[in-house]
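So the sequences go chain by chain: A and B. Going by the working numbering, the letters in the first sequence line up with residues 1 to 383, in that order. Going by the working numbering, the letters in the second sequence line up with residues 1001 to 1334, in that order.
One thing to keep in mind: the hints can contain errors.
[Unchecked claim] Derived DEER-like restraints, expressed as beta-carbon distance ranges:
| # | chain 1 | residue 1 | chain 2 | residue 2 | range |
| --- | --- | --- | --- | --- | --- |
| 1 | A | 20 | B | 1094 | 48 to 58 Å |
| 2 | A | 364 | B | 1320 | 15 to 25 Å |
| 3 | B | 1234 | A | 173 | 54 to 64 Å |
| 4 | A | 298 | B | 1043 | 30 to 40 Å |
| 5 | A | 27 | B | 1228 | 51 to 61 Å |
| 6 | A | 298 | B | 1032 | 55 to 65 Å |
| 7 | A | 287 | B | 1013 | 18 to 28 Å |
| 8 | A | 149 | B | 1234 | 35 to 45 Å |
| 9 | A | 11 | B | 1301 | 55 to 65 Å |
| 10 | B | 1089 | A | 173 | 37 to 47 Å |
[Claimed, not checked] Take a look, some chain A residues computed to stay more than 12 Å from chain B by CB distance:
| # | residue |
| --- | --- |
| 11 | 106 |
| 12 | 141 |
| 13 | 273 |
Source of the hints: derived by calculation from the structure; they are not laboratory data. Bear in mind that the values here come from a model prediction, so they are computed numbers and not experimental data. Here a beta-carbon is modelled for each residue, glycine too, at the ideal position from N, C-alpha and C.
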Amino acid sequence: MDNIAGTKSGLTWAVHISVAVLVILWLFPTVGLLVSSLRTADQIATSGWWKALFPQEQVLQLRTGSPEEAVQEGDIWVLEGNLFENGAEGLSIRAFGTSSRDVAAYEPGQTAEMGEGEAITLTDNGAYRYTFAEEPEGGRGQRVFVTAVTPPEFTLQNYYRVLFDPSNREGMAKAFFNTLTVAIPATIIPILIAAFAAYALAWMDFPGRALLIAAIVALLVVPLQLALIPLLKFHNTIGIGKGYLGVWLAHTGFGLPLAIYLLRNYMVGLPRDIIENARVDGASDFQIFVRIILPLSFPALASFAIFQFLWTWNDLLVALVFLIDATGDTTVMTRQIVELLGTRGGNWEILATSAFVSIAVPLVVFFAMQRYLVRGLLAGSVK
Amino acid sequence: MHPALQGVITILLGVGGCVGYFYLSNLLLDRVFFPPRGPNAGRNINRANMIRPWLFLLPALIALGLYLAYPVVETMRLSLTDRVPGGGYRWVSGANYAQMMGEPKFWEAVRNNFLWLLVVPALSTAFGLLAAQLTDRIRWGSLAKSLIFMPMAISFVGAAVIWRLVYDYRGTGDEQIGILNAIVVGLGGDAQAWLTIPFWNNFFLMAVLIWIQTGFAMVILSAALRGIPEETVEAAIVDGAGPFQIFFKIKVPQIMGTIVVVWTTITIVVLKIFDIVFAMTNGQWETQVLANYMYDKLFRANDWGVGSAAAMVIMLLVTPILVWNVWNARKEMR
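Same shape as in the complex, but just chain A (with noise of 0.2 Å):
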């Protein structure tokens, strides 16, 4: 519908902004994230990132070598070399002066007088060319400062340290496995036990089933809040108290009604033709359920799958009541992270770095399933 009568040309452009504008709003916060877990705290600390992603103007303070070493040129005293000696290559001077009242007086090229013959003259890669009218006495360089440009300057100094460093106290590496020690159990096993629940409400026909699928829309909405107590006291009281193990039954009751509601949702709607053909050819439910049902139903498979590993992935209440104890071992990244927020507020390069670790295998996941995710959710939601 771009070209239909009506719509005016000035207004198309309106819309092209309006979704930039909005997708930069959108993005941003992200990207802040992204762009400070790449900083040195110090960086974090002195501007913002977004002043990262631009070269950046910075005023330093350097030193000419001794005059001691000026040679005799004609009637002049003469000392050369490069303002960058020690390292610092890459940058590149917009100004310099000689001065801390007019830090940048000159441009690079032009001549700095400083009186008594004295006179220094800097190109913008920071070689100087110091000259002196009389033989220079001893005693340090002179004083200059420049205006230089540093080119955007990136470290993955931080994921080395909240990853991979042994003597890192965060323990983000443990967090990350345990994370995923937790969502991949309560990812699979709530879906096989829903997909034949789906099937017994979609398929079959018994009394009651109008109420039972009544009743799974009523629990997709009852809060979690309520179960907190109740289980946990059930779980001390058969014994597993809190672990993994209790984290994913529970992970796997609150996920039923959503798993079994989506699932029943795109069962019902395959050709009946099929089962019909199937039932006449003596297969029996079983067979039907293994062989064509679960085979058809795989994009609503996949759909409650990404939504149950991005749930459990992300979770924070259930871990916290259902999985960390008081020895602190089996912490999941969101836990983590909450604890930092708390704790070291400040450290935003571990802060930062931290929290993308957990934020970034959802968001692989995000990207690479993105279809089945949209269809799960106008599955479950329009009607």
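Add chain B to chain A, keeping to what the hints say.
Relative to the frame of chain A, chain B by itself:
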């Protein structure tokens, strides 16, 4: 045992157990209890078909009953009792609720939850609708959609960190590293510690959830917009309607049902909101919400009675939507 190994074994046991259960129970039903042969073959087939749905449903029903239905009842019971030191419970009827009603922190949480309810679903849906309508009309729309949708994949805790960086505050003399303060200072204002300004800080927390939920609203509303019959739009154009009239008078009324669904779905998320507040302010500076209040009571104050009462309040708020959803689902199935 190493947790990863334990995980693999659990997956194998869980999946294997499920397959084994379904296979064996069906086998038992068909071969042993009601074999479709002999003098009662017909009757046996019917009986087996009556029982089979329940075989398929049994594991799910047990899990749902135990993990969702039973806790509702048990929480209600707990909210009416107090734990007696040394074990056991004492019936206190409404005392927990009365105690809760007497706490200013509870009323603060109720007020904030209502603020969240008013603002977040409305703005998320509005932004989502705007994004859906705009991105449907341009060529790079799907890329734009994907980027606006992206925060859906980010955890509430991750989002909390992301937005803490946006709201970061440094003393007045220092260079601001939070982008919001940098903009405010750039425009000539004074930097603020946004999250500690009572009342208004609620809105800064809400922004995080709006940021996450807009993508959800957009995806669903965009599908609904595409489902609108084109003749209605074309007829409106022929009648001389402008783009805004088409949007508000032709398109929006036709997707009203979907808008309501999106609105209620986000409302439920808002009612349960916990992680964002827990991670960003932990209810300080008057930002308490019900779910975090409940968590405080249950696990910090260790007061199961009042905590359960707070959980029941959340349940009570969810109930109208629950009833409405069930009613709609039943209507559809007829």
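So, going through the hints one by one against the coordinates:
Range check, residue 20 of chain A to residue 1094 of chain B: about 56 Å between beta-carbon atoms, so the 48 to 58 Å window is met. Hint check: residue 364 of chain A to residue 1320 of chain B, Cβ distance near 38 Å, so the stated range 15 to 25 Å is violated. Distance hint for residue 1234 of chain B and residue 173 of chain A: a CB-CB separation of about 59 Å, consistent with the stated range 54 to 64 Å. A C-beta distance of roughly 38 Å is found between residue 298 of chain A and residue 1043 of chain B, which places it inside the suggested range of 30 to 40 Å.
Checked against the given bound of 51 to 61 Å, the beta carbons of residue 27 of chain A and residue 1228 of chain B, roughly 29 Å apart, lie outside it. Against the hinted window of 55 to 65 Å, the Cβ-Cβ separation of residue 298 of chain A and residue 1032 of chain B comes to about 33 Å, which falls outside the hint. Judged by the Cβ atoms, the range 18 to 28 Å given for residue 287 of chain A and residue 1013 of chain B holds: they are separated by roughly 24 Å. Range check, residue 149 of chain A to residue 1234 of chain B: Cβ separation about 57 Å, and the 35 to 45 Å hint is violated.
Checked against the given bound of 55 to 65 Å, the beta carbons of residue 11 of chain A and residue 1301 of chain B, roughly 57 Å apart, stay inside it. Between residue 1089 of chain B and residue 173 of chain A the C-beta distance comes to about 43 Å, which sits within the given range of 37 to 47 Å. Remark: the non-interface label on residue 106 of chain A is consistent with the geometry, its nearest Cβ contact in chain B lying 27 Å away (cut-off 12 Å). Distance to chain B confirms residue 141 of chain A as a non-interface residue, since its nearest Cβ pair spans about 31 Å, more than 12 Å.
At roughly 20 Å from the closest C-beta of chain B, the C-beta of residue 273 of chain A stays outside 12 Å, upholding its exclusion from the interface.
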